[in-house]
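Enquirer: Sequence:
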Amino acid sequence: MMMDDEWLDYIEAQKVSPKTVKAYTINYNKLIDGLDKSVTKSTQRDILELIDELTDVPNTASALMNVAIQVRRFYDASVDKLVNARERMKIKIDERRDIINKGKLEHLPSFQDLKRHINNLYSEQKYRDFLINWLLLNYNTRNQDLQLSIVSSKKEANDLTKNYLVLRPGGTMMYIRRNYKTFSTYGPKSFTFKNAKVMRAAKAFVEEKGGFGDGPVHLLSTGANKQIDDSSIQKFIRKRTLNGISEGDINKVVVSMVDNIGDFKALQKVSANRGTSIENLITQYHLKFPLV
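Each residue of the sequence shown is one higher than the one before, starting from 5 at the first, in the working numbering.
Rather than coming from a laboratory, the hints here were simulated on the basis of the structure. Check the hints yourself; a few may be wrong.
If you anchor each label on the Cβ, the simulated ranges turn out as follows [unchecked claim]:
| id | residue 1 | residue 2 | range |
| --- | --- | --- | --- |
| 1 | Phe-197 | Val-87 | 43 to 49 Å |
| 2 | Met-203 | Leu-164 | 23 to 29 Å |
| 3 | Ala-200 | His-111 | 29 to 35 Å |
| 4 | Thr-189 | Thr-44 | 27 to 33 Å |
| 5 | Leu-164 | Arg-242 | 25 to 31 Å |
| 6 | Asp-117 | Lys-45 | 54 to 60 Å |
| 7 | Ser-281 | Ile-95 | 19 to 25 Å |
| 8 | Phe-197 | Ser-281 | 21 to 27 Å |
| 9 | Gln-18 | Gly-174 | 41 to 47 Å |
| 10 | Lys-158 | Thr-44 | 49 to 55 Å |
| 11 | Gln-18 | Lys-166 | 22 to 28 Å |
| 12 | Val-87 | Ser-127 | 52 to 58 Å |
| 13 | Pro-192 | Gln-231 | 17 to 23 Å |
| 14 | Asn-63 | Thr-226 | 32 to 38 Å |
As the structure is a computational prediction, the values presented were derived from the model and not from experiment. The beta carbon of each residue, even a glycine, is placed where N, CA and C say it ideally should be.
Start from the sequences, fold in the hints, and give me the full structure.
Expert: Structure follows, in structure tokens:
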């Protein structure tokens, strides 16, 4: 990756995750590769013309504009034309999302379909698949949230960078999340619950993996209990969901169902579970909400 002083000084001053740094750097390099001068010394018109040449995908264009705006603001360079262009692009993004969501409204399964799928997985003794889908539906998780280890006591859930499902004596369980997308905003999340089916499924899955003799049992793992790589999580999970739908689409079904019954408290619960704002749930995940 290209690393010039303009970029290094900017990125070193930011408090963002390594994953975000990588994404920003990729987009910055796309700009630098096509500009005759640095991002701060180039005109806003040159930057916008380059972005128009690079992509006609609204989300990609917006991401490139965002990097240019942040870098230029850091060095007190003008950004008014870039900001206005980004706002216009946001309208295009919302219009495109609305079109996509209207199509999904006709083709996505219902909330009851998802519940039936979960019950079928349990009946078929597909315990790992049952646990994945149950957590997706009941705790509104993203894929990364399911990269978890199953342990038999809370004291074993001692890595502050990992997620855990704790099987406690007496039938209660704890779902601890410390590695998820919005952790920096919402911090660690811990949910205590009691569900006989989930407990039986978790115990059965642990037994399938040979028990706790060698330590925690990983939910997303190979036959040898080797945790899968983060880059494979999405594919791994979609192999086990109804019709291969994504976690985002499952959340859209839940959010839309909650709105249909007019339960604001339930929407607040989804917001707390997922670690996202109610506004974001409505604009990003509601299939019927008028976006423009």
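Enquirer: Now tell me, hint by hint, if it's right for this structure.
Expert: Status of each hint after checking the structure:
Range check, Phe-197 to Val-87: about 45 Å between beta-carbon atoms, so the 43 to 49 Å window is met. In this structure, Met-203 and Leu-164 meet the distance hint of 23 to 29 Å, their C-beta atoms being roughly 25 Å apart. Between Ala-200 and His-111 the beta carbon distance is about 34 Å. The supplied range of 29 to 35 Å therefore holds. Checking the proposed 27 to 33 Å range against Thr-189 and Thr-44 shows it holds: the Cβ atoms sit about 29 Å from each other.
Between Leu-164 and Arg-242 the CB atoms are about 29 Å apart, so this pair conforms to the stated range of 25 to 31 Å. Taking 54 to 60 Å as the suggested C-beta distance range, the pair Asp-117 and Lys-45 conforms, at roughly 55 Å. Against the hinted window of 19 to 25 Å, the Cβ-Cβ separation of Ser-281 and Ile-95 comes to about 20 Å, which satisfies the hint. The hinted range of 21 to 27 Å is satisfied by Phe-197 and Ser-281, whose Cβ atoms lie roughly 24 Å apart.
The beta-carbon spacing between Gln-18 and Gly-174, approximately 46 Å, falls within the hinted interval of 41 to 47 Å. Restraint check, Lys-158 to Thr-44: a C-beta distance of roughly 50 Å satisfies the suggested window 49 to 55 Å. The beta-carbon spacing between Gln-18 and Lys-166, approximately 25 Å, falls within the hinted interval of 22 to 28 Å. About 55 Å separates the C-beta atoms of Val-87 and Ser-127, a value consistent with the hinted range of 52 to 58 Å.
Distance hint check: the CB atoms of Pro-192 and Gln-231 are about 20 Å apart, consistent with the given range 17 to 23 Å. As the Cβ distance of Asn-63 to Thr-226 is approximately 33 Å, the hint placing it in 32 to 38 Å holds.
Hint check: no violations occur; every hint is consistent with the structure.
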